[in-house]
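J.: Spelled out, the chains give:
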Amino acid sequence: MNDKTHDADNKVSARRRLVRGVFAAPAVMTLVSGSALAAGSTSCVARQTQTQPLGINPADTWVRLPLYEFRNGNNYVRFISGSNIVALLPAGGVSFIQPGQFQCVEKVASGSNYSGYSVGSSYTPNPTPTAISPAAYVAVRVDSTGKVLGGELINGTNSGSAMSFTCWNSFGGANPFGRQA
Amino acid sequence: MRSVYSRTDGLLVAPVGHLWAIFSPTSGETALINDESAAILEVLESGPSGTSGVCAALAKDSSLDAARLNSVVDEAWPRLVESGLVIELRDALSKLK
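Chains as they are written, first to last, in the working numbering: chain A, 65 to 245; chain B, 11 to 107.
Next comes chain A alone, as it looks inside the complex (with noise of 0.2 angstroms):
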């Protein structure tokens, strides 16, 4: 890499590609690095994983998924879809989670409401959560090799938790749902 967008050695130039006729809106896409991200972070995902510290990879990637949840009035438990993750790995790619299955990301009840429902476990529930409505997401974070990592280990198994809902605040502050790769 260099400091011109036109090398004096492979004569590359942006302006040299400019199709005549035509100027498209300038456009600036910035990457999100995984490390900045999780820099504050680091530490609370670590603390989250079943055994080995969890390290951030610079080269990981975070994307979007939806929330689900069981409400009754204000007691509430929030779930990750397995489906929704599975459905982001490429052909031979592992999950700490499976299709079907939802994961408890958040719990907020009080007394014996919910209580069969972890933060961290995985269930098959019947009937399924419902998306919730506005939509509400949270941050997945996918490594270099498409696997789902989530709270995966650092030894590679597909086993794992989530994170508990203090974590993935940590990721977007006080509003971790809209936050997006």
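Fair warning: there could be bad hints in the mix.
To be verified - Looking from chain A toward chain B, a few residues come up when the C-beta cut is under 10 angstroms (computed):
1) Val76
2) Ala78
3) Leu82
4) Val86
5) Ala88
6) Ala89
7) Pro90
8) Ala91
9) Met93
10) Tyr132
Stated by the list, open to error - Listing some non-contacts, in silico: residues in chain A with all C-beta distances to chain B over 12 angstroms:
11) Ser77
12) Gly85
13) Phe87
14) Thr94
15) Leu95
16) Arg135
17) Gln165
18) Val172
19) Ser174
20) Tyr181
21) Ser186
22) Ser197
Source of the hints: derived by calculation from the structure; they are not laboratory data. All residues carry an ideal CB built from backbone N, CA and C; glycine is no exception.
Let chain A serve as the given structure and place chain B on it in line with the hints.
T.: Leaving out everything else, chain B in the frame of chain A:
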């Protein structure tokens, strides 16, 4: 007074397919930009310039009338500044006061 823009020092640029990858040491971010954004930055390699100066240079490259490019280039500056690729010299000078 219309603003004048300067290319950020130390930009690292490399062609990636039909786009350009560019790293800004100011923002610490890497971005993908199209030929049009990259062409604006190439014009600024010669020195700071405002919209009219950039359009005059790009008009020759694109065979388009400079006036037609004016609004397109004018609207591009905020994003280029936000991404750390250019500096608005009016702001830079005011910070020295």
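J.: All hints are to be evaluated individually against the structure, with a verdict given for each.
T.: Results for each hint:
Because the beta carbon of Val76 of chain A sits about 5 angstroms from the nearest beta carbon in chain B, less than 10 angstroms, this interface hint is met. Taking 10 angstroms as the C-beta contact cut-off toward chain B, the hint placing Ala78 of chain A at the interface holds, the least distance being around 3 angstroms. Interface restraint check: Leu82 of chain A against chain B, minimum CB-CB distance 5 angstroms, threshold 10 angstroms, status holds. Evaluation of the Val86 of chain A hint against chain B yields a held restraint, the C-beta minimum of about 7 angstroms falling below 10 angstroms.
Proximity of Ala88 of chain A to chain B holds as hinted, the smallest CB-CB distance being about 5 angstroms (cut-off 10 angstroms). With its C-beta approaching chain B no nearer than about 6 angstroms, Ala89 of chain A sits inside the 10 angstroms limit, and its interface hint holds. Hint status for Pro90 of chain A relative to chain B: holds, with the closest Cβ pair at about 4 angstroms, below 10 angstroms. The beta carbon of Ala91 of chain A is positioned within 10 angstroms of a beta carbon in chain B (closest approach about 5 angstroms), and the interface hint is therefore held.
This hint holds: Met93 of chain A has a C-beta 5 angstroms from the nearest C-beta of chain B, less than the 10 angstroms allowed. For Tyr132 of chain A, the interface hint is violated, the least distance from its beta-carbon to any beta-carbon of chain B being 33 angstroms, above 10 angstroms. Some Cβ of chain B comes within 12 angstroms of the Cβ of Ser77 of chain A; the nearest lies about 7 angstroms off, and the non-interface call is violated. Not every CB of chain B lies more than 12 angstroms from the CB of Gly85 of chain A, the least distance being 6 angstroms, so the non-interface label is violated.
For Phe87 of chain A, the condition that its CB be more than 12 angstroms from all CB atoms of chain B is violated, with the nearest at approximately 5 angstroms. Annotated as non-interface, Thr94 of chain A brings its C-beta within 12 angstroms of a C-beta of chain B; the closest such distance is 5 angstroms. The claim that Leu95 of chain A lies off the interface is violated: its Cβ sits roughly 5 angstroms from the closest Cβ of chain B, which falls inside the 12 angstroms cut-off. In this structure Arg135 of chain A is separated from chain B by more than 12 angstroms, as the shortest Cβ-Cβ distance comes to about 38 angstroms.
Listed as a non-interface residue, Gln165 of chain A keeps its Cβ farther than 12 angstroms from every Cβ of chain B; the least gap is roughly 35 angstroms. Separation of Val172 of chain A from chain B is adequate, the least Cβ-Cβ distance of about 35 angstroms exceeding the 12 angstroms criterion. Against chain B, the non-interface label of Ser174 of chain A holds: every CB pair exceeds 12 angstroms, the least being about 43 angstroms. Taking the minimum C-beta to C-beta distance to chain B, about 39 angstroms, the non-interface status of Tyr181 of chain A holds against the 12 angstroms cut.
Its beta-carbon lying about 35 angstroms from the closest one in chain B, Ser186 of chain A satisfies the requirement of being farther than 12 angstroms from that chain. Every CB of chain B is more than 12 angstroms from the CB of Ser197 of chain A (nearest about 32 angstroms), matching its label as outside the interface.
Violated hints, listed in ascending order, are 10, 11, 12, 13, 14 and 15; each of the other numbered hints is respected by the structure.
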